[in-house]
Amino acid sequence: MLRPRIIPCLLLQNEGLVKTQKFSDPKYVGDPLNAVKIFNEKEADELMVIDIDATRLHKNPNIPLLKQLSVESRMPLCYGGGIKTVEQANQIISVGIEKVALSSKAIESPKVVSQIAKEIGSQSIAVVLDIKKKSFSSKYEVWTHNNTQNTKLDPIELSRKFQDLGAGEIIINSIDNDGMMTGLDIPILEKVYSQLTVPMTVMGGIGSYQDIKSAIQKFRYIGIGVGSFFVFKGRYRAVLINYPSIKERDELYVNY
Amino acid sequence: MLTIIDYGLGNIQSFQNLYKRFNIETKIAKSEIDLNNATKLILPGVGAFDHAMDLFNSSGMKERVESLVLQNQTPILGVCVGMQILANSSEEGTKTGLGWIPGIVKKFLPSSNPQQKLPLPHMGWNDVIPSIPKNPLFQNFENDSRFYFLHSYFFASAVSEHSSATSEYGIKFSSAIQKDNIYGVQFHPEKSHHYGEQLLKNFAIL
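Keeping their order, the protein sequence lines are chains L and D. Quick note, the working numbering runs 195 ahead of the 1-based positions in the first sequence. Quick note, the working numbering runs 7 ahead of the 1-based positions in the second sequence.
One thing to keep in mind: the hints can contain errors.
Derived pair list, reagent style EDC-like, types lysine to aspartate or glutamate, alpha-carbon separation capped at 16 Å [what the hints assert, rightly or not]:
{"#": "1", "chain 1": "L", "residue 1": "Lys262", "chain 2": "L", "residue 2": "Glu210"}
{"#": "2", "chain 1": "L", "residue 1": "Lys334", "chain 2": "L", "residue 2": "Asp380"}
{"#": "3", "chain 1": "L", "residue 1": "Lys442", "chain 2": "D", "residue 2": "Asp13"}
{"#": "4", "chain 1": "L", "residue 1": "Lys347", "chain 2": "L", "residue 2": "Glu303"}
{"#": "5", "chain 1": "D", "residue 1": "Lys27", "chain 2": "L", "residue 2": "Glu267"}
{"#": "6", "chain 1": "L", "residue 1": "Lys413", "chain 2": "L", "residue 2": "Asp380"}
{"#": "7", "chain 1": "D", "residue 1": "Lys114", "chain 2": "D", "residue 2": "Asp57"}
{"#": "8", "chain 1": "L", "residue 1": "Lys313", "chain 2": "D", "residue 2": "Glu204"}
{"#": "9", "chain 1": "L", "residue 1": "Lys313", "chain 2": "D", "residue 2": "Glu99"}
{"#": "10", "chain 1": "D", "residue 1": "Lys34", "chain 2": "D", "residue 2": "Asp13"}
{"#": "11", "chain 1": "L", "residue 1": "Lys217", "chain 2": "L", "residue 2": "Glu336"}
{"#": "12", "chain 1": "D", "residue 1": "Lys124", "chain 2": "L", "residue 2": "Glu303"}
{"#": "13", "chain 1": "D", "residue 1": "Lys69", "chain 2": "D", "residue 2": "Asp13"}
{"#": "14", "chain 1": "L", "residue 1": "Lys217", "chain 2": "L", "residue 2": "Asp371"}
{"#": "15", "chain 1": "D", "residue 1": "Lys186", "chain 2": "D", "residue 2": "Glu73"}
{"#": "16", "chain 1": "L", "residue 1": "Lys442", "chain 2": "D", "residue 2": "Asp151"}
{"#": "17", "chain 1": "L", "residue 1": "Lys442", "chain 2": "D", "residue 2": "Asp61"}
{"#": "18", "chain 1": "L", "residue 1": "Lys327", "chain 2": "L", "residue 2": "Asp380"}
{"#": "19", "chain 1": "L", "residue 1": "Lys313", "chain 2": "D", "residue 2": "Asp57"}
{"#": "20", "chain 1": "L", "residue 1": "Lys313", "chain 2": "L", "residue 2": "Glu282"}
{"#": "21", "chain 1": "L", "residue 1": "Lys334", "chain 2": "L", "residue 2": "Asp371"}
{"#": "22", "chain 1": "D", "residue 1": "Lys113", "chain 2": "D", "residue 2": "Glu99"}
{"#": "23", "chain 1": "L", "residue 1": "Lys237", "chain 2": "D", "residue 2": "Asp57"}
{"#": "24", "chain 1": "L", "residue 1": "Lys279", "chain 2": "L", "residue 2": "Asp248"}
{"#": "25", "chain 1": "D", "residue 1": "Lys47", "chain 2": "D", "residue 2": "Glu73"}
{"#": "26", "chain 1": "L", "residue 1": "Lys327", "chain 2": "L", "residue 2": "Asp359"}
{"#": "27", "chain 1": "L", "residue 1": "Lys222", "chain 2": "L", "residue 2": "Asp248"}
These aren't lab readings, by the way, just hints derived from the structure by calculation.
Build the full structure now, drawing on both the sequences and the hints.
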C-alpha cells in the first residue's frame, strides 16, 4: 500500500539552510550537505530543497551544489528555485535530482510547464504555489518571488491549470502558516485537493505529529512538507534536526 | 566489472556512489568501448518511454548491450524506465521497445471507486512482495521490503512467471520482473535507503 510522503523541506539561502516565519526573518540552521547526511541516516521518505532567493535575485540554480547533494542523498530529491528554462530542468535532472519544482516562472509563462514535462516526464515536474489569505476576505491569492509579488490569482484554479499543463505534482505552501507550527490551513487544502488527480503536497504550519496524522487521515495519499517541526526543538527553537523512524511513521498511518 | 550504462538518462552517479559505499567497483559506460569488460549491466532510466528508446538507440551501445545480454547471458538490471524499455511497446509512446521480456507497458487507470482516490503518478514508498520462490534480488530482506516509486505506467508481462515481485496501487502490478539473465525493477533502488542497497548488493553478487 502506498504511504503518504513525509518530506523535510530545506530552504537554501546563500548556500546555507535557513528557516523563516511567514516567509520572513530567515535564521541560519545549518549546512545543506550535512542535513542531507542526517536525513539519510533517518531514512527520510524524500527531501525538498528550495532556494528562496534564486528567482528574486535573478540567480541560476547552483548546479554544482545540487550535484553534491544528489550524489550524497539516498532518497529522492526535489529542487526548486530560479528554474526558468527546459535546459536548466534537464541539467538539474541529469545531475541526479529526481524532480524539479517551478513557481514564479510557471505562473509568468505557463507553457514552460508543458515543455519541461514533455522533456523529462510529468512525474519529474512539480509546481509550487505560495498562498496567502486576502485581507478581509475568505479568498486566497498566489504570491511569487519569495512573498514579494502578488499575482492575485486563485490557487484552486491555478493548480488545476498546471495539472492540465502536465505538472505531475502540486505543492501548496501556506505563507500565513509558514514557521508558525500551529497546524496546516486545511480548508483551502481541501478545496485544492478535491479537484486534482495528480499528487498534492502540503506545506506550511506543521507543528506536531498530530498535525501530520490529521493530514494523513484527511487526504491519505499526499506529501506533507515539514520545515520548522523537523529542525527546531523546544520553546527557544534550538536547532536539532529530527525525523520519525520507520516504526513511528507506520504508526502515523494507522486508521488509514 | 559491474557496468552502469549511461545513455543520457537516470541517476548514474547514485548507483556508482551506492556501490562505492560497499567497496564494489563499478564502471560507467558512455560508449561501446566502455562495455569491453562488462560482466553485469545496469540500465537506468527516468522520464518518457519514447525518449528513453531514442536515446538508447542512438547511444552507440545498443547493439553491443543486446549481444552481451542475449548471446553472452550477461545479467542486466533495468531500473524504472530502464525496466519499461525491456517490453515490446508502451501505451505512453509509439517507439518499439527492446522486447527482451515479452510484455506491454500500460497506464494506470483512475480508480473506478470515487472513495478511493489514487493520484497519478504513483509517487512514494510502497510495499514490494517478492514471488515464491524468492528471486535472488530479494534475498536477505526482513519481513518488509518497500521502495520508492515514481511512475504512471507499469509493465504488464505476457508471461506470469516473469513477474518476480508485485505491488499494489489500485491494481496488483509487477514491480519486478525477470527472464533468465534479464531483471527489471519499476522502483528506484538507488534512492530507497537500505532496502535499495540490499537489492543492488544482491544484484552485484549474483
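Taking the hints in turn, this is what the structure says about them:
no. : hint                 : verdict
1   : L:Lys262 to L:Glu210 : holds, 13 Å
2   : L:Lys334 to L:Asp380 : holds, 13 Å
3   : L:Lys442 to D:Asp13  : violated, 37 Å
4   : L:Lys347 to L:Glu303 : holds, 12 Å
5   : D:Lys27 to L:Glu267  : holds, 12 Å
6   : L:Lys413 to L:Asp380 : holds, 12 Å
7   : D:Lys114 to D:Asp57  : holds, 14 Å
8   : L:Lys313 to D:Glu204 : violated, 31 Å
9   : L:Lys313 to D:Glu99  : holds, 12 Å
10  : D:Lys34 to D:Asp13   : holds, 10 Å
11  : L:Lys217 to L:Glu336 : holds, 15 Å
12  : D:Lys124 to L:Glu303 : violated, 31 Å
13  : D:Lys69 to D:Asp13   : holds, 11 Å
14  : L:Lys217 to L:Asp371 : holds, 5 Å
15  : D:Lys186 to D:Glu73  : holds, 14 Å
16  : L:Lys442 to D:Asp151 : holds, 12 Å
17  : L:Lys442 to D:Asp61  : violated, 43 Å
18  : L:Lys327 to L:Asp380 : holds, 10 Å
19  : L:Lys313 to D:Asp57  : holds, 11 Å
20  : L:Lys313 to L:Glu282 : holds, 12 Å
21  : L:Lys334 to L:Asp371 : holds, 13 Å
22  : D:Lys113 to D:Glu99  : holds, 7 Å
23  : L:Lys237 to D:Asp57  : violated, 37 Å
24  : L:Lys279 to L:Asp248 : holds, 14 Å
25  : D:Lys47 to D:Glu73   : holds, 13 Å
26  : L:Lys327 to L:Asp359 : violated, 23 Å
27  : L:Lys222 to L:Asp248 : holds, 14 Å
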